[in-house]
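Enquirer: Put together the whole structure using the sequences plus the hints.
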Amino acid sequence: MKAAFLFHFAQFVDWPAGVLNSGDPSLNLCIFDDEPRRQELQSTIDGKTIGVRVFHVRLIYQPQEIQGCNMLFLSRDEAGRQTSILKSIRGMPILTVGETANFLSDGGMIRFHIENDKIRFDINLVDAEASHLKISSRLLLLATLVTQSGAPDRGR
Amino acid sequence: MQVHASSCFLFPKLHRFSSVATVYLRVTQRALFLAGLALLTLSGRLSVAGQILDLTQKSLEDLMSIEVTSVSKKEQKTSQAAAAVFVISREDIGHSGALNIPDLLRMVPGLDVAQIDAGKWAISARGFNGQYSNKLLVLVDGRTVYTPIFGGVFWDSQNVPLGSIERIEVIRGPGAAVWGSNAVNGVINIITLKAGDTQGGSVAASAGNGSIGPETISYSGKVRKLGAYRVSAEGFQVNALPTFAGLDGQDDWRLVLGRFRTDTTLSAKDSLTTEGDIYRGNAGELAFIPLSLEPPENATVALRDRFTGENLLARWNRTISSGSETSLQVYFERTNRGDSSYGVGLNTFDTDFQHHFVWGARQDIVWGLGYRLSTDDIDPTLRVSATPANRGTQLFSSFAQDEIAIRRDRVHLNLSARAENNDYTGFDFQPSARLIWTPDTKNSVWGAVSHADRIPARSDTDFRVNLEALPGPGNVPILVSLFGNPNQKNEQLTAFETGYRTAPSSRFSLDSTVFYNRYRDLLSQEPGAMRIETNPAPVHLLIPTYFGNGLYGEAQGIEAFANWKVTRRWTLSPGYSFFSLHLHKFAGSQDSGSVFGTEGGTPNHQAQLRSSLDLPWKLQWNASAYFVNRLPAQSIPSYTRLDTGLTWRAEEHISLSLVGQNLLKDLHPEFTGPDATVQSGLMRREAYGKITWSF
Numbered sequence: 001m002k003a004a005f006l007f008h009f010a011q012f013v014d015w016p017a018g019v020l021n022s023g024d025p026s027l028n029l030c031i032f033d034d035e036p037r038r039q040e041l042q043s044t045i046d047g048k049t050i051g052v053r054v055f056h057v058r059l060i061y062q063p064q065e066i067q068g069c070n071m072l073f074l075s076r077d078e079a080g081r082q083t084s085i086l087k088s089i090r091g092m093p094i095l096t097v098g099e100t101a102n103f104l105s106d107g108g109m110i111r112f113h114i115e116n117d118k119i120r121f122d123i124n125l126v127d128a129e130a131s132h133l134k135i136s137s138r139l140l141l142l143a144t145l146v147t148q149s150g151a152p153d154r155g156r
Numbered sequence: 001m002q003v004h005a006s007s008c009f010l011f012p013k014l015h016r017f018s019s020v021a022t023v024y025l026r027v028t029q030r031a032l033f034l035a036g037l038a039l040l041t042l043s044g045r046l047s048v049a050g051q052i053l054d055l056t057q058k059s060l061e062d063l064m065s066i067e068v069t070s071v072s073k074k075e076q077k078t079s080q081a082a083a084a085v086f087v088i089s090r091e092d093i094g095h096s097g098a099l100n101i102p103d104l105l106r107m108v109p110g111l112d113v114a115q116i117d118a119g120k121w122a123i124s125a126r127g128f129n130g131q132y133s134n135k136l137l138v139l140v141d142g143r144t145v146y147t148p149i150f151g152g153v154f155w156d157s158q159n160v161p162l163g164s165i166e167r168i169e170v171i172r173g174p175g176a177a178v179w180g181s182n183a184v185n186g187v188i189n190i191i192t193l194k195a196g197d198t199q200g201g202s203v204a205a206s207a208g209n210g211s212i213g214p215e216t217i218s219y220s221g222k223v224r225k226l227g228a229y230r231v232s233a234e235g236f237q238v239n240a241l242p243t244f245a246g247l248d249g250q251d252d253w254r255l256v257l258g259r260f261r262t263d264t265t266l267s268a269k270d271s272l273t274t275e276g277d278i279y280r281g282n283a284g285e286l287a288f289i290p291l292s293l294e295p296p297e298n299a300t301v302a303l304r305d306r307f308t309g310e311n312l313l314a315r316w317n318r319t320i321s322s323g324s325e326t327s328l329q330v331y332f333e334r335t336n337r338g339d340s341s342y343g344v345g346l347n348t349f350d351t352d353f354q355h356h357f358v359w360g361a362r363q364d365i366v367w368g369l370g371y372r373l374s375t376d377d378i379d380p381t382l383r384v385s386a387t388p389a390n391r392g393t394q395l396f397s398s399f400a401q402d403e404i405a406i407r408r409d410r411v412h413l414n415l416s417a418r419a420e421n422n423d424y425t426g427f428d429f430q431p432s433a434r435l436i437w438t439p440d441t442k443n444s445v446w447g448a449v450s451h452a453d454r455i456p457a458r459s460d461t462d463f464r465v466n467l468e469a470l471p472g473p474g475n476v477p478i479l480v481s482l483f484g485n486p487n488q489k490n491e492q493l494t495a496f497e498t499g500y501r502t503a504p505s506s507r508f509s510l511d512s513t514v515f516y517n518r519y520r521d522l523l524s525q526e527p528g529a530m531r532i533e534t535n536p537a538p539v540h541l542l543i544p545t546y547f548g549n550g551l552y553g554e555a556q557g558i559e560a561f562a563n564w565k566v567t568r569r570w571t572l573s574p575g576y577s578f579f580s581l582h583l584h585k586f587a588g589s590q591d592s593g594s595v596f597g598t599e600g601g602t603p604n605h606q607a608q609l610r611s612s613l614d615l616p617w618k619l620q621w622n623a624s625a626y627f628v629n630r631l632p633a634q635s636i637p638s639y640t641r642l643d644t645g646l647t648w649r650a651e652e653h654i655s656l657s658l659v660g661q662n663l664l665k666d667l668h669p670e671f672t673g674p675d676a677t678v679q680s681g682l683m684r685r686e687a688y689g690k691i692t693w694s695f
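Chains as they are written, first to last, in our numbering: chain A, 1 to 156; chain B, 1 to 695.
Because the hints were derived from the structure by calculation, they are not lab data. Beta carbons: idealized from backbone N, C-alpha and C, even for Gly. Do not rely on the hints blindly, as some may be mistaken.
With a cut-off of at most 30 Å between alpha-carbon atoms, the simulated DSSO-like pairs for lysine-lysine come out as follows [to be verified]:
| no. | chain 1 | residue 1 | chain 2 | residue 2 |
| --- | --- | --- | --- | --- |
| 1 | B | 269 | A | 118 |
| 2 | B | 222 | B | 690 |
| 3 | B | 565 | B | 489 |
| 4 | B | 269 | A | 134 |
| 5 | B | 225 | B | 269 |
| 6 | A | 118 | B | 489 |
| 7 | B | 690 | B | 618 |
| 8 | A | 87 | B | 222 |
Label-pair distances were calculated between CB atoms; the ranges are [to be verified]:
| no. | chain 1 | residue 1 | chain 2 | residue 2 | range |
| --- | --- | --- | --- | --- | --- |
| 9 | A | 63 | B | 616 | 36 to 46 Å |
| 10 | B | 648 | A | 17 | 50 to 60 Å |
| 11 | A | 132 | B | 312 | 24 to 34 Å |
| 12 | A | 132 | B | 619 | 31 to 41 Å |
| 13 | B | 269 | A | 17 | 29 to 39 Å |
| 14 | A | 17 | B | 621 | 39 to 49 Å |
| 15 | A | 65 | B | 398 | 52 to 62 Å |
| 16 | A | 144 | B | 687 | 54 to 64 Å |
| 17 | B | 389 | A | 144 | 52 to 62 Å |
| 18 | B | 89 | A | 130 | 33 to 43 Å |
| 19 | A | 130 | B | 627 | 50 to 60 Å |
Expert: What follows is the structure, given as C-alpha cells:
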C-alpha cells in the first residue's frame with residue numbers, strides 16, 4: 001500500500017526544470033536491491049504513467065548509484081546506512097521517502113508512520129526546499145506534521 | 001467505491017494469532033477482489049495469486065482511510081463489527097497518563113474498573129465485578145492470562161510495559177463462541193507491537209508520590225534478512241495506601257519483569273513470532289484470617305504475596321494462498337504465588353491451530369482446534385487447601401465461524417460456534433449469531449444472540465477455605481469454612497445485544513449498545529449442615545458453606561460513547577453506561593448474601609469525559625473525568641475521579657510529562673472485597689513526572 005502512496009507523492013511534487021528531461025519520460029523511483037517490498041513496489045507502480053511521465057522502479061546496488069534517481073525509498077532495513085546515504089545526497093533534487101523515526105531529522109523529506117492503524121506521513125519542507133523540490137500544498141495539507149523552517153507545525 | 005476491511009472483528013483468534021501482515025480488502029465491485037497486500041513489515045511480500053486491486057487508482061485521501069493493522073490477519077474496522085467493541089490505541093495510551101493496564105482500562109465505556117488496594121483491582125464488564133471476577137477473558141498476544149485456579153486475573157502480575165502495547169481491544173458481552181469459555185461478559189485482548197515496529201532503544205523513567213517507576217528500558221534491532229527482535233525490562237514500586245481505619249495498608253506492590261519478542265520471516269509464505277516473559281513481584285495486604293484452631297484465634301495480619309512467572313510462546317503463520325492461511329500457536333507458562341496463608345503453583349501448556357479461508361464469493365470461514373493442559377499444586381495451609389492437592393485438567397476445544405455476505409457490504413451474517421470438552425463439566429456447546437446491516441458508509445446497525453458458559457474453576461470445585469475459628473460451647477472450637485462443590489455446573493448466559501453506530505461527519509462518531517442478558521446456574525453459597533470434624537485437629541464443630549448453582553437472573557444495560565473532534569487540535573470523548581442486574585434464587589437455594597452482594601457490587605451509572613488538546617510549543621494537554629455511581633453492597637459512595645497530564649515533546653527523542661491523578665479528593669474508596677477479609681485501600685491524590693528518551 002505504501003507503493004500507492006509513493007505513486008501519489010510523485011504527482012504532488014514538482015522537480016526543478018531540467019531534472020526530468022523531455023527526451024526521457026522516465027521518473028525513477030530507486031530502491032535497494034534487498035528491499036523486502038521490491039515485488040510489491042514493482043507490481044503496483046512500475047510502468048504507471050503520471051501525465052507524460054512513466055514511473056520506473058529501479059533497483060540500485062550501491063549508494064553511489066543514487067545519482068540518477070528522482071525518488072528514493074529507504075525502508076527500515078536501511079536504517080543502518082540511512083544517515084550516511086541521506087547526507088551524501090543532501091541538496092540533490094531527489095525526493096526521499098522513509099519510515100524510521102529519525103528519517104526527517106537525518107535530512108529525509110517524507111516519512112511514513114502509522115497512526116490509529118492508518119498510514120500517515122510527515123513532511124520535512126526545509127530539506128525539500130533546499131533540494132529545489134516543490135511540494136504541492138494539497139500534499140502538505142494531508143501531512144500530519146510539516147517541518148517548516150524553524151519549529152515543526154503540528155497539523156492534522 | 002467503498003473499501004471495507006473485511007469481516008468480523010470478533011474474529012477469533014485472529015487477533016490472537018496475528019502477525020501475517022496481510023490485509024484483505026473487500027470492495028464494492030462486481031467481483032470480489034482479494035488483495036493480500038503485504039504491508040509495513042518484514043514479511044511484506046506480495047502474496048496475491050489472482051487479481052490485484054489497483055491501489056494507485058485510489059485518491060490519497062482514500063488511501064489514508066484504509067486500515068493497515070499489521071497484527072490481524074483478518075482486518076476489520078471497528079465500525080463494521082457486529083459486537084460491542086472499544087479499542088484503546090497507542091495514542092490513547094500516551095494520552096491516558098496511566099502507569100498500568102488496569103488504570104488504562106478505565107477509559108473503556110461500560111467496563112467497570114475499581115481499585116481495591118495498591119496492587120489489586122476488580123475489573124469486569126456488565127456486572128459481577130470483584131477481585132476474583134471470573135467472567136472475563138483476558139489475553140496478551142494470544143496467551144490467556146486468567147488463572148484456571150479461580151477463573152479470574154491476578155492484575156498485579158500481568159503488567160505489560162505500556163510502551164510496547166500496540167492496542168488493546170475490549171469486547172463487552174459474550175465472545176465465547178470464538179474466543180472460548182470464560183468470555184462470558186467480555187474479552188480484553190492486549191496486543192503488543194511487532195518487534196519490527198519499534199527501532200532502536202528507549203528509556204522511560206517516572207516517579208511521584210504514589211510510585212517509583214515504572215522505569216522501562218527497551219531495545220529493538222534487526223537481523224538482516226532474518227527478522228526483528230525487541231527486548232525490554234521494567235520495574236516499579238507502588239507505595240502502600242491508607243486503609244479505611246487510617247492505618248498503613250502495607251499493600252505496597254513491586255514488580256520486575258523482562259520481555260522479549262521476535263518476528264521472523266521464514267519464507268515468502270511463513271512467518272514466526274516468539275515471545276516470552278519473566279517476572280518477579282510481591283504485594284502486601286492486611287487480611288483477617290484464622291491463625292489457629294486450638295485455641296481458636298483469628299487476626300488481621302499483614303501478608304505479603306510473592307509471585308513469579310515465566311512463559312514462552314511461539315506462533316507460526318503460513319499463507320497458503322491469497323485466500324487461505326493458517327496459524328499454529330504453542331505456549332507454556334509457569335506461575336507461582338503465595339503468602340503465609342496459601343500457596344499455588346501452576347503450569348499451563350496450550351496449543352491452538354486455526355485456518356482461515358475464503359469460500360466462494362460470499363463466505364469467509366475460520367475454524368480451529370485447541371488443547372490446554374493445566375497442572376497445579378496447592379500447598380495446604382490452615383486457611384486454604386484443595387482436594388486433591390495436585391490436579392491436572394485438560395480442555396479440548398474446536399470452533400468454527402462463517403461470515404456470510406448476504407448482500408455484500410450491506411448485510412453480513414456471522415455464525416459461530418464452539419464445542420469444548422473440559423474435565424469439570426464435560427461437553428459444552430456455545431453458539432452465536434450476529435447480523436450487521438450497513439445501509440450506507442455513515443451508519444450501521446447490528447444485533448446478536450449468543451450463548452456463553454463459564455466453566456467451573458478449581459476453586460469452585462476442589463477448594464476449602466477456612467474463614468474463621470471461633471470459641472464454641474464446652475471449649476469445642478467452631479470452624480467456619482467454605483467448600484468447593486465437585487458437582488458444580490457451568491454458569492450459563494444467553495445474551496441479546498443490539499448496537500448502532502453513526503459517523504455523520506468525519507469529526508463526530510457515536511457508538512451505542514443495548515443488551516439484555518439472561519443468566520442461569522449462577523454461583524451461589526449454600527449453607528451445609530453443622531457437623532463434628534476431627535481433621536484438622538482438635539475435634540471441632542464445623543459450620544460449612546458449599547458452592548452451588550442456586551441463582552439465576554437477568555441484566556440489562558446501555559453503553560454509549562462518542563468521539564468529537566471539536567477543532568483540529570481538540571478532541572472530546574464522552575461516554576456513559578447504565579447497568580442493572582436482578583438475581584433470583586432457585587427454589588431450594590438458601591444463599592443469603594450473593595444476591596445483594598452481586599447486584600449492589602456494580603455501579604448503575606458510569607460516565608466519563610476525556611479531552612485531548614494539542615497546544616503550541618509542542619505541548620499536549622489531556623484530562624479525563626470519570627464518574628462512578630455508588631456501590632450499595634459495599635457502602636462505597638459515588639465518586640468522580642479526575643486525571644490530567646501535560647506532555648512536552650521537548651525534541652524528537654525526548655518527551656516530558658507531568659500527570660496528576662485522583663485530583664478531586666484527598667482519599668476515596670473504590671471497592672472492597674465482597675468477603676471483606678482483605679482491608680481495601682483508599683485512593684489518594686497522586687502526581688508523577690515522567691521522562692521518555694528514545695535513541
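Enquirer: Each of the hints needs a verdict: does it hold here or not?
Expert: Taking the hints in turn, this is what the structure says about them:
1. A distance of roughly 24 Å separates the Cα atoms of residue 269(B) and residue 118(A); the hinted pair therefore holds under the 30 Å criterion.
2. With a C-alpha separation of about 28 Å, the suggested pair residue 222(B) and residue 690(B) falls inside the 30 Å cut-off, and the hint holds.
3. About 49 Å separates the Cα atoms of residue 565(B) and residue 489(B), which puts this hinted pair outside 30 Å; it is violated.
4. Of the supplied pair hints, the one linking residue 269(B) and residue 134(A) is violated, its CA atoms being roughly 41 Å apart against a limit of 30 Å.
5. Taken as a hint, the residue 225(B) and residue 269(B) pair is honoured in the structure, with Cα atoms around 15 Å apart against an allowance of 30 Å.
6. Between residue 118(A) and residue 489(B) the alpha-carbon distance is near 46 Å, which puts this suggested pair outside the 30 Å criterion.
7. As the CA atoms of residue 690(B) and residue 618(B) are separated by approximately 16 Å, the hinted pair is consistent with the 30 Å bound.
8. Between residue 87(A) and residue 222(B) the alpha-carbon distance is near 22 Å, which keeps this suggested pair within the 30 Å criterion.
9. Range check, residue 63(A) to residue 616(B): about 39 Å between beta-carbon atoms, so the 36 to 46 Å window is met.
10. Between residue 648(B) and residue 17(A) the beta carbon distance is about 43 Å. The supplied range of 50 to 60 Å is therefore violated.
11. Residue 132(A) and residue 312(B) have their C-beta atoms about 54 Å apart, which leaves the hinted 24 to 34 Å range violated.
12. Between residue 132(A) and residue 619(B) the Cβ separation comes to about 34 Å, which falls inside the hinted range of 31 to 41 Å.
13. In this structure the supplied range 29 to 39 Å is violated for residue 269(B) paired with residue 17(A), their Cβ-Cβ distance being about 47 Å.
14. Residue 17(A) and residue 621(B) have their C-beta atoms about 46 Å apart, which keeps the hinted 39 to 49 Å range intact.
15. For the pair residue 65(A) and residue 398(B), the beta carbons lie near 55 Å from each other, so the given range of 52 to 62 Å is met.
16. Range check, residue 144(A) to residue 687(B): about 31 Å between beta-carbon atoms, so the 54 to 64 Å window is missed.
17. One distance hint, 52 to 62 Å for the beta-carbon pair residue 389(B) and residue 144(A), holds here, with the actual separation near 58 Å.
18. For the pair residue 89(B) and residue 130(A), the beta carbons lie near 35 Å from each other, so the given range of 33 to 43 Å is met.
19. Under the hint 50 to 60 Å, the C-beta atoms of residue 130(A) and residue 627(B), about 53 Å apart, fit the expected range.
Of the numbered hints listed earlier, those contradicted by the structure are 3, 4, 6, 10, 11, 13, 16.
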